[in-house]
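Number of protein chains: 2
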Amino acid sequence: MGEPKHVVVVGGGFAGMACAKHLAKDHGLRITLIDRNNYHQFQPLLYQVATAQLGSSDIASPLRTLSIQHPNIVVKLAEVTAVDPAARSVTTQTGETYAADYLVLAGGSQPNFFRTPGAAEHAYPLYSLGDAQRLRSRIISVFEQADRDASLIDEGALTFVIVGGGATGTEIAGALAEMIKGTMSAEFRGLAVTAARVILVDHGHSLLAPFSEKAHDYAARVLQRDGVQLRFGTGVTEVGAGHVTLSDGSTLKTRCVIWGGGLMAASLAGVAGLPQAHAGRIPVEPDFSVEGFPGVYVIGDIADIPSPDGKTYPQLGSVAQQSGTWAARNIAAAITGKGQKPFHYLDKGFMAMIGRNSAVAEVGPRHHELQGSIAFAAWLGVHVTLLSGFRNRIGAFTDWAWDYFSKSRGSQVLDRSDQARIDWGDDPIDEVDASAVVTPAAIT
Amino acid sequence: MGEPKHVVVVGGGFAGMACAKHLAKDHGLRITLIDRNNYHQFQPLLYQVATAQLGSSDIASPLRTLSIQHPNIVVKLAEVTAVDPAARSVTTQTGETYAADYLVLAGGSQPNFFRTPGAAEHAYPLYSLGDAQRLRSRIISVFEQADRDASLIDEGALTFVIVGGGATGTEIAGALAEMIKGTMSAEFRGLAVTAARVILVDHGHSLLAPFSEKAHDYAARVLQRDGVQLRFGTGVTEVGAGHVTLSDGSTLKTRCVIWGGGLMAASLAGVAGLPQAHAGRIPVEPDFSVEGFPGVYVIGDIADIPSPDGKTYPQLGSVAQQSGTWAARNIAAAITGKGQKPFHYLDKGFMAMIGRNSAVAEVGPRHHELQGSIAFAAWLGVHVTLLSGFRNRIGAFTDWAWDYFSKSRGSQVLDRSDQARIDWGDDPIDEVDASAVVTPAAIT
Chain A
1 MGEPKHVVVV GGGFAGMACA KHLAKDHGLR ITLIDRNNYH QFQPLLYQVA TAQLGSSDIA
61 SPLRTLSIQH PNIVVKLAEV TAVDPAARSV TTQTGETYAA DYLVLAGGSQ PNFFRTPGAA
121 EHAYPLYSLG DAQRLRSRII SVFEQADRDA SLIDEGALTF VIVGGGATGT EIAGALAEMI
181 KGTMSAEFRG LAVTAARVIL VDHGHSLLAP FSEKAHDYAA RVLQRDGVQL RFGTGVTEVG
241 AGHVTLSDGS TLKTRCVIWG GGLMAASLAG VAGLPQAHAG RIPVEPDFSV EGFPGVYVIG
301 DIADIPSPDG KTYPQLGSVA QQSGTWAARN IAAAITGKGQ KPFHYLDKGF MAMIGRNSAV
361 AEVGPRHHEL QGSIAFAAWL GVHVTLLSGF RNRIGAFTDW AWDYFSKSRG SQVLDRSDQA
421 RIDWGDDPID EVDASAVVTP AAIT
Chain G
445 MGEPKHVVVV GGGFAGMACA KHLAKDHGLR ITLIDRNNYH QFQPLLYQVA TAQLGSSDIA
505 SPLRTLSIQH PNIVVKLAEV TAVDPAARSV TTQTGETYAA DYLVLAGGSQ PNFFRTPGAA
565 EHAYPLYSLG DAQRLRSRII SVFEQADRDA SLIDEGALTF VIVGGGATGT EIAGALAEMI
625 KGTMSAEFRG LAVTAARVIL VDHGHSLLAP FSEKAHDYAA RVLQRDGVQL RFGTGVTEVG
685 AGHVTLSDGS TLKTRCVIWG GGLMAASLAG VAGLPQAHAG RIPVEPDFSV EGFPGVYVIG
745 DIADIPSPDG KTYPQLGSVA QQSGTWAARN IAAAITGKGQ KPFHYLDKGF MAMIGRNSAV
805 AEVGPRHHEL QGSIAFAAWL GVHVTLLSGF RNRIGAFTDW AWDYFSKSRG SQVLDRSDQA
865 RIDWGDDPID EVDASAVVTP AAIT
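Chains as they are written, first to last, in the numbering used here: chain A, 1 to 444; chain G, 445 to 888.
These are computed hints drawn from the structure, not numbers from a lab.
Model, not experiment: these values are computed from the prediction.
Mixed in with the good hints, there may be bad ones.
Claimed, not checked - Pulled a few chain G residues facing chain A out of the computed Cβ check, cut under 7 Å:
1) G499
2) S501
3) R508
4) S511
5) I512
6) L521
7) T538
8) E588
9) R592
10) A630
11) E631
12) R633
As the list claims (entries may be wrong) - Not close to chain A: a few residues of chain G, all C-beta gaps over 12 Å, as computed:
13) R665
14) G677
15) S751
16) A777
17) L824
18) V826
Using N, Cα and C, we set each Cβ at its ideal position, and we do this for glycine too.
Looking at chain A on its own, in the form it has when it is part of the complex (with noise of 0.2 Å):
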């Protein structure tokens, strides 16, 4: 017996939080967790953010509280900007170093804008809290521009383009045409709400793409009925303040471009000093190690992780968990001089929710396919459960029921209206109206 042997886990996200959670069951060890927010986040959920359905606390959960779980877990809130993977130690901004007998990289994903001129600087990408606070923010914000000022309508302010039509894409999209059809138009009663436009435009020729065709064109039929724009075949050349330019030429005056478009490796893989793949991604052994490095295994959304047939998995919440949890085992076995055993993945199947008692599901290994209320049931139960790790279940609960009986969302409540002004610079009209959004802190 020596000193209790240190790991470093880089992320807590689905990943970085299964790894942390196994390890922590082996009292001997001694565990550092790091990340740069304060919480862990439900990725799935933050499209009900965006659309004023879940309050942001319903959906983030402080990543101290595992540390009172799990006595032999420290948590530090700091970004990695350096990594030795050689020694195995990492140093944060604010130049503290950790060294690790085992590392852990568990970074995630960051969107992926592929060089689109004018994305990065104007688009809603819609990959963490604070995207899904902006967006919210955004919507709430354009309509009440357009109810100042109704002329704004001809210039965009209600238009609405979701760029993408994974996952992602897709439910912002029913769920954002939801909110139109019912809260919008109840509360901006002389506003034209009828004028507002939701599109979504996608390179491809199907909406979830992952899923079976039956679920390409249900998911289809739903958004249009729901009064969604879809145009296929179809991608963003540019992206402005105002404006949005396709790749047919055309150009659509907006104010509020939807970024479902890809993913790529967090920043964390490029100060990683290892290879990088695919989107920046770092390759890894089946075993989530990394050739040449013992002791260092990479897991979640920044791995490129090979699967038994050849191809590497998919950027899933599900494969990040299940790889957190085999690392995990892995590191547990190589303390103890047993072998490395390579991933193998349990698919559970997926789903995704196109609008109110509307999802497409597919379950289990064998992918049985539901569509319409029952995998809209399945949907609720499955999420409901897996948010049980949040404290705020039932807060998520209530909320959801409440808004599915009534209709009336509670999260719409414009606190960020700081961040909704982010990119409303360079557009006159924008700049003054956006002026008058005032926050709290405005109060002098």
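Since chain A is already given, all that's left is putting chain G on it; use the hints.
Same frame as chain A, but now just chain G:
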């Protein structure tokens, strides 16, 4: 029967909200409610948002839901920057003008720093939802900073100075002391949380001055039990980024000065074109009208409301609420050619919560005194009932119950670290540390 009469209400706090709701019962009236925020906030519980016991959406309710309940109310998100009391019209920052048959000014209060040097820049008031969110981020940030660099404790990182022993100061002192002893001790294992200090300074010689002497003693006992240092007969002469100077000439190192020092009329009072009295408030007749300006009513905190004993009413939520309803009745009377009635305030007493299971209450017109658990139970009952206008009563109550039994805090998510950074600038140590409190926005 001509055009429906148009009433413009400026401000959606307790006073303006009560006035608009009462007026809306007359379907022959058209009401425009203007506020610079899109929400109504339940001020008495702001200190619970600041100490992460409640989430923001638990105590904020979107003003536009009023329009759903009352078809004759139109809500506008705008800041009123000019008032023409003779014409009964107001103009907003964005240039729109609203002319009314009856104009109601209900702009509320703002913190009064009494020209204390540095207070407006460096102290944290607790009067708006934004204030509460900033203070929450600040409290969490200083703990995170001290956790990264324990030497900052000697620089005052865990020293909290509360200015003023009124309801705000007393309630935040108790809640903060509990948060430190409970949640923070459990979550920050490596940190010497016992080094944290909560110091309350007050010019006078008691807490909760409007209450009885018995309540003063009880409040002091509870706070001291929870480790709060009380410094009576002491004022603040200057607030800096890293310190506060007291009237006895001594200096305390602190990164968090909480301002419960007093209130003055909101900035609306300065542009109203009406006389101003004590703390900038607008003197009104006992019927809330303003001499020389027929059809103009001023209610709530922004008004200097004469009481029958020759004094004026205090700035309380219950006074504001009743003044709103009263003014609405007088407007209805004026329309039908009936007489105006002078305000009769129904005193239901008041209460303050000092800590877990500890409150003081003076109930009913005779101010029957309660202390301890029974006052706490009364406090809980009254506040849950008062919150019933808010859709999140259930959410708030489950949050509460959870907190009460688990002492965990789900709202403790640092999602406004951008704001915790505001006054952090002139101290080089702080600047570096604060930049590590990375907001989701910093992911690029």
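Please name the hints from earlier in the document that this structure breaks, with their numbers sorted from lowest to highest. No numbers; nothing is violated.
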